[in-house]
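Colleague: Protein chains in written order, with my numbering: chain C, 1 to 245; chain L, 246 to 414.
Errors might be hidden in some of the hints.
[Stated by the list, open to error] Each computed SDA-like pair below joins lysine to any residue, with the alpha-carbon atoms no more than 25 Å apart:
{"hint": "1", "chain 1": "L", "residue 1": "Lys-403", "chain 2": "C", "residue 2": "Asp-204"}
{"hint": "2", "chain 1": "L", "residue 1": "Lys-278", "chain 2": "C", "residue 2": "Tyr-205"}
{"hint": "3", "chain 1": "L", "residue 1": "Lys-403", "chain 2": "C", "residue 2": "Ser-42"}
{"hint": "4", "chain 1": "C", "residue 1": "Lys-31", "chain 2": "L", "residue 2": "Lys-254"}
{"hint": "5", "chain 1": "L", "residue 1": "Lys-401", "chain 2": "L", "residue 2": "Ser-256"}
{"hint": "6", "chain 1": "L", "residue 1": "Lys-285", "chain 2": "C", "residue 2": "Pro-90"}
{"hint": "7", "chain 1": "C", "residue 1": "Lys-17", "chain 2": "C", "residue 2": "Asn-202"}
{"hint": "8", "chain 1": "C", "residue 1": "Lys-219", "chain 2": "C", "residue 2": "Leu-201"}
{"hint": "9", "chain 1": "L", "residue 1": "Lys-278", "chain 2": "C", "residue 2": "Trp-73"}
{"hint": "10", "chain 1": "C", "residue 1": "Lys-206", "chain 2": "L", "residue 2": "Ser-404"}
{"hint": "11", "chain 1": "C", "residue 1": "Lys-193", "chain 2": "L", "residue 2": "Glu-289"}
{"hint": "12", "chain 1": "L", "residue 1": "Lys-410", "chain 2": "L", "residue 2": "Gly-265"}
{"hint": "13", "chain 1": "L", "residue 1": "Lys-254", "chain 2": "L", "residue 2": "Phe-310"}
{"hint": "14", "chain 1": "C", "residue 1": "Lys-27", "chain 2": "C", "residue 2": "Tyr-205"}
{"hint": "15", "chain 1": "L", "residue 1": "Lys-285", "chain 2": "C", "residue 2": "Phe-129"}
{"hint": "16", "chain 1": "C", "residue 1": "Lys-225", "chain 2": "C", "residue 2": "Asn-18"}
{"hint": "17", "chain 1": "L", "residue 1": "Lys-285", "chain 2": "C", "residue 2": "Leu-63"}
{"hint": "18", "chain 1": "C", "residue 1": "Lys-219", "chain 2": "C", "residue 2": "Ala-188"}
{"hint": "19", "chain 1": "L", "residue 1": "Lys-278", "chain 2": "C", "residue 2": "Asp-43"}
{"hint": "20", "chain 1": "L", "residue 1": "Lys-285", "chain 2": "C", "residue 2": "Gln-86"}
{"hint": "21", "chain 1": "C", "residue 1": "Lys-144", "chain 2": "C", "residue 2": "Arg-112"}
{"hint": "22", "chain 1": "L", "residue 1": "Lys-278", "chain 2": "C", "residue 2": "Tyr-126"}
{"hint": "23", "chain 1": "C", "residue 1": "Lys-206", "chain 2": "L", "residue 2": "Lys-278"}
{"hint": "24", "chain 1": "L", "residue 1": "Lys-285", "chain 2": "C", "residue 2": "Thr-44"}
{"hint": "25", "chain 1": "C", "residue 1": "Lys-206", "chain 2": "L", "residue 2": "Asp-257"}
{"hint": "26", "chain 1": "L", "residue 1": "Lys-285", "chain 2": "L", "residue 2": "Phe-310"}
{"hint": "27", "chain 1": "L", "residue 1": "Lys-403", "chain 2": "C", "residue 2": "Leu-201"}
{"hint": "28", "chain 1": "L", "residue 1": "Lys-254", "chain 2": "L", "residue 2": "Arg-386"}
Quick caveat, the hints were computed from the structure, so don't treat them as lab data.
Below are the chains, spelled out letter by letter.
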Amino acid sequence: AMECIGHAGAALGILSKNGIVLAAEKKVQSKLLDNEFNGKHSDTSCEKMFKIDDHMAVAVAGLTSDANILINWARTVAQRHTLQYQEPAPVELLIQGLCDMKQGYTQFGGQRPFGVSFLFAGWDVYLGFQLYHSDPSGNYAAWKANAIGSNNTAAVSMLKQEWKEDLDLDQSILLAIKVLLKTMDSSALSPEKLEFSTLTLNEDYKPRFRILGAEELNKYLQQAKEIQEKEDREKEKKKEAEKGK
Amino acid sequence: INAEYMGHKISDKVYVGLAGLATDNQTVYERIKFRSSLYKLREERDLSPKALASMISHMLYERRFGPWFTEPIIAGLDESNNPYVCAMDLLGADCIPGNFVVTGTCSESLYGCCESFWRPDLEPDELFETISQALLSALDRDCLAGWGATVVIITKDKSVTREIKCRQD
Numbered sequence: 001a002m003e004c005i006g007h008a009g010a011a012l013g014i015l016s017k018n019g020i021v022l023a024a025e026k027k028v029q030s031k032l033l034d035n036e037f038n039g040k041h042s043d044t045s046c047e048k049m050f051k052i053d054d055h056m057a058v059a060v061a062g063l064t065s066d067a068n069i070l071i072n073w074a075r076t077v078a079q080r081h082t083l084q085y086q087e088p089a090p091v092e093l094l095i096q097g098l099c100d101m102k103q104g105y106t107q108f109g110g111q112r113p114f115g116v117s118f119l120f121a122g123w124d125v126y127l128g129f130q131l132y133h134s135d136p137s138g139n140y141a142a143w144k145a146n147a148i149g150s151n152n153t154a155a156v157s158m159l160k161q162e163w164k165e166d167l168d169l170d171q172s173i174l175l176a177i178k179v180l181l182k183t184m185d186s187s188a189l190s191p192e193k194l195e196f197s198t199l200t201l202n203e204d205y206k207p208r209f210r211i212l213g214a215e216e217l218n219k220y221l222q223q224a225k226e227i228q229e230k231e232d233r234e235k236e237k238k239k240e241a242e243k244g245k
Numbered sequence: 246i247n248a249e250y251m252g253h254k255i256s257d258k259v260y261v262g263l264a265g266l267a268t269d270n271q272t273v274y275e276r277i278k279f280r281s282s283l284y285k286l287r288e289e290r291d292l293s294p295k296a297l298a299s300m301i302s303h304m305l306y307e308r309r310f311g312p313w314f315t316e317p318i319i320a321g322l323d324e325s326n327n328p329y330v331c332a333m334d335l336l337g338a339d340c341i342p343g344n345f346v347v348t349g350t351c352s353e354s355l356y357g358c359c360e361s362f363w364r365p366d367l368e369p370d371e372l373f374e375t376i377s378q379a380l381l382s383a384l385d386r387d388c389l390a391g392w393g394a395t396v397v398i399i400t401k402d403k404s405v406t407r408e409i410k411c412r413q414d
């Protein structure tokens, strides 16, 4: 199951002080692929990212069919918690429940494990913004930035170098673009190949999950490209300076 | 002193009002919220008032032999922004008259007031006047109802909530 995820489309998540960014590479791109919503923008799900509740969302890497079962389960559990306790489900509680279920499939029954890795982004009043990663074995851990799917080791090492404590949301989006640029197979990035979503708090302290639309994504891609070009130019200058010496 | 709000927003265009036993009102509303949140996540669209009415009717009939003591009203605009009102009894029998629905302790006098005040094709402001007058006239004659009213006018662009002060007795 882990192997299968290693071949799936990449997804990465970055925690910043005012929100979480989830980014994913769309593995299947074709002219024939029909958009499910007839062009309308959805804030609930796209190919790799799904909203679990108002305050929680996941990015998926692996078998989408397995992911759908787990996401449905997570959605129901979150609602059941809200029904009983009249508060949004705490993020870690939900993930523990989900991972306990995944672990059951590795120990009992003789059924195969779920072939999905998740990156959970969530906010609750107890711990603020949180990013968790869980894999088919049922292991989970909290992260400041993580990547799953293809080339995730390269992505994680890059994130280790570049992640800083006080990044804000926009800078995190740019960082995600930078990392994806290096680890994805294609040389140029466009909104058709990428999916970006953010989990933030709006003015009245309510968490909000948004999937970035094409124009917004384009703006960030433009910005990232300009920053990249600037960095490349500075590197060139440094090299010239060294050569000159 | 009791500022219990009886009307609840399910989505921008659909509101539900519950009358009856207060604890059942709260519980039924929480269950409606549960089902409608899941619907919204799975279907990726808002509930239409007709679908919500069917859902609530089913929910109430599930408890056929030990019912929730609540009589809901569902009001909203459907996908083509046509108005829809529906009232149900505690077992889920719905009625969709097309003009107005009433529920609560003074429902008989509300029926009378609405019947005399309602006309078809009212503008939002006229509608607000009509419903407020009907509500207040019926409230004033009922010892159990009173302490103010909240009116929500749902139009296709927005829904406006207004609080009305009335005789505090």
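Colleague: Evaluate each hint against the coordinates.
Modeller: Verification of the supplied hints:
| no. | hint | verdict |
| --- | --- | --- |
| 1 | Lys-403(L) x Asp-204(C) | 19 Å, holds |
| 2 | Lys-278(L) x Tyr-205(C) | 20 Å, holds |
| 3 | Lys-403(L) x Ser-42(C) | 20 Å, holds |
| 4 | Lys-31(C) x Lys-254(L) | 41 Å, violated |
| 5 | Lys-401(L) x Ser-256(L) | 12 Å, holds |
| 6 | Lys-285(L) x Pro-90(C) | 20 Å, holds |
| 7 | Lys-17(C) x Asn-202(C) | 14 Å, holds |
| 8 | Lys-219(C) x Leu-201(C) | 22 Å, holds |
| 9 | Lys-278(L) x Trp-73(C) | 17 Å, holds |
| 10 | Lys-206(C) x Ser-404(L) | 20 Å, holds |
| 11 | Lys-193(C) x Glu-289(L) | 22 Å, holds |
| 12 | Lys-410(L) x Gly-265(L) | 22 Å, holds |
| 13 | Lys-254(L) x Phe-310(L) | 29 Å, violated |
| 14 | Lys-27(C) x Tyr-205(C) | 35 Å, violated |
| 15 | Lys-285(L) x Phe-129(C) | 24 Å, holds |
| 16 | Lys-225(C) x Asn-18(C) | 24 Å, holds |
| 17 | Lys-285(L) x Leu-63(C) | 24 Å, holds |
| 18 | Lys-219(C) x Ala-188(C) | 14 Å, holds |
| 19 | Lys-278(L) x Asp-43(C) | 19 Å, holds |
| 20 | Lys-285(L) x Gln-86(C) | 18 Å, holds |
| 21 | Lys-144(C) x Arg-112(C) | 30 Å, violated |
| 22 | Lys-278(L) x Tyr-126(C) | 23 Å, holds |
| 23 | Lys-206(C) x Lys-278(L) | 17 Å, holds |
| 24 | Lys-285(L) x Thr-44(C) | 9 Å, holds |
| 25 | Lys-206(C) x Asp-257(L) | 17 Å, holds |
| 26 | Lys-285(L) x Phe-310(L) | 30 Å, violated |
| 27 | Lys-403(L) x Leu-201(C) | 23 Å, holds |
| 28 | Lys-254(L) x Arg-386(L) | 28 Å, violated |
Hint compliance for this structure: hints 4, 13, 14, 21, 26, 28 are broken, all remaining hints hold.
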